[in-house]
Amino acid sequence: MTELSKGLVPLLPRLRRFAWSLTRDWPDADDLVQTSCTRALTRAEQWQNGTRLDAWMYRLMRNIWIDETRKRTVRVGQGVEDAAESSALLTSGDSETTAYANQVLAQIALLPEGFSSVLLLVAVEGHSYAETAEILDIPIGTVMSRLSSARQKLKAALADQKGERT
Amino acid sequence: MSEYTPLSEDLLIMLGAYVDGELTEEERAAVEDMASKDPRIAEELEGLFALNNDLRDVFDGLLEKPVPAEIIEATKPTPVPANTNKAPLRALAASLLIGATLGAGGMWFNQASKPPLQVAAARSWLGEVAEYHQIYARQTRHLVEVPASEKDHIEKWLAKEVGVDFKVPDLEAAGWTFQGARLLVAAGKPVAQLMYTNADGAVIAICGLQNGSGTAADTELRAFGDVHMATWKSETGSFAIVGDAPEELEALAVIAAPLI
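Note that the protein sequences, when read in sequence, are chains A and B. Under the working numbering, the first residue of the first sequence carries the number 1, and numbering increases by one thereafter. Under the working numbering, the first residue of the second sequence carries the number 1001, and numbering increases by one thereafter.
Treat the hints with caution; some may be incorrect.
Just a few of them, taken from the derived set where beta-carbon distance is under 8 Å, the chain A residues facing chain B [unchecked claim]:
| hint | residue |
| --- | --- |
| 1 | Pro13 |
| 2 | Asp30 |
| 3 | Leu53 |
| 4 | Leu60 |
| 5 | Thr69 |
| 6 | Val104 |
| 7 | Leu110 |
| 8 | Val122 |
| 9 | Ala123 |
| 10 | Ser128 |
| 11 | Tyr129 |
| 12 | Ile138 |
| 13 | Lys153 |
Don't read these hints as lab results, they were simulated from the structure. Ideal Cβ placement from N, Cα and C applies to all residues, glycine included.
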């Protein structure tokens, strides 16, 4: 086992989560993780042991996904079918919590392309704006505006849903 | 409810940066000062913090999804046949394996390649369980799906899903505390996984699924890379106790087998 290969295994749940934030579709996310791991192993010499493997993998995954979306004639992530799929994302835990989590995920899936990864990296994983900009290869200003816009859209959508339920 | 004009985009970005810890001391003080004077800003900040909490809960829930075996397979370096000096043959074998990995993996990345062999065809449930263990034993915050406090529920739930009646073995006397359980799928079958930790924070798991053969078997030690396991079978179930230290596992299997 190489150092890289050893380092990848415990990262897999996070790599899949990041892949979902890019693709917002589980089969695509799993293909992306698989392809990225295979490619990472062929470029193992480019990763410097001791530096953050997660950020290196995220950049690799983001690049592969960008190439893939360019190749596809039909672009994903316009939100119509993704939201329906993501409603079946979580099945464990108590039902009320799960139902709410699924609503949040469905709303995240409906965000414009490129917004959910920013949310994940900054709000959930605690990466700085600068690190996030580097991983996603976008300007810091874009990180900030996407974040703010994603948050406002989510807050509004979730408030609407709460309003409908009561 | 909200009759006032919306906060400006720039201000919202600044409030977001406050929540994300991206502001300098002075900027933070300025935001706090604004919030103390304007309840709309205070409310907005509160909403942003609450949303962050929701996002963390929801995204962390995604970490619980079991990782498919094909993905775990893709993290392994391509095996090269040992004990041979026939370089061309070795290169051919390696290229076949790479082809198989790519073919099985990125359907949309490599449309033209047809997998010449199925590397992952003969995976045993034990091999998959060993790989799950490498992942879950590190998930200290998300070790289990259902906590130990719901032991009765766990026994009923897993017996129903897995199809084997069993009790959660009490291993306290041996220094292992039951933490809770998960349901996995390995080799296409539902597998119950009972997680235990010791005082050092080490993790072991007892896994069980239906025994298709119907014949019992004695304890046997196996190793899958760094992961070790002691396995045994009853007439109805196949079990494995999984961890890092083989000597201890065998002893624990002897304790656990009659209790399960």
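Status of the hints after comparison with the structure:
| no. | hint | verdict |
| --- | --- | --- |
| 1 | Pro13 | holds, 4 Å |
| 2 | Asp30 | holds, 6 Å |
| 3 | Leu53 | violated, 11 Å |
| 4 | Leu60 | violated, 13 Å |
| 5 | Thr69 | violated, 11 Å |
| 6 | Val104 | holds, 5 Å |
| 7 | Leu110 | violated, 14 Å |
| 8 | Val122 | holds, 6 Å |
| 9 | Ala123 | holds, 5 Å |
| 10 | Ser128 | holds, 7 Å |
| 11 | Tyr129 | holds, 6 Å |
| 12 | Ile138 | violated, 15 Å |
| 13 | Lys153 | violated, 11 Å |
Hints 3, 4, 5, 7, 12 and 13 from the list above are not met by this structure, while the remaining hints are.
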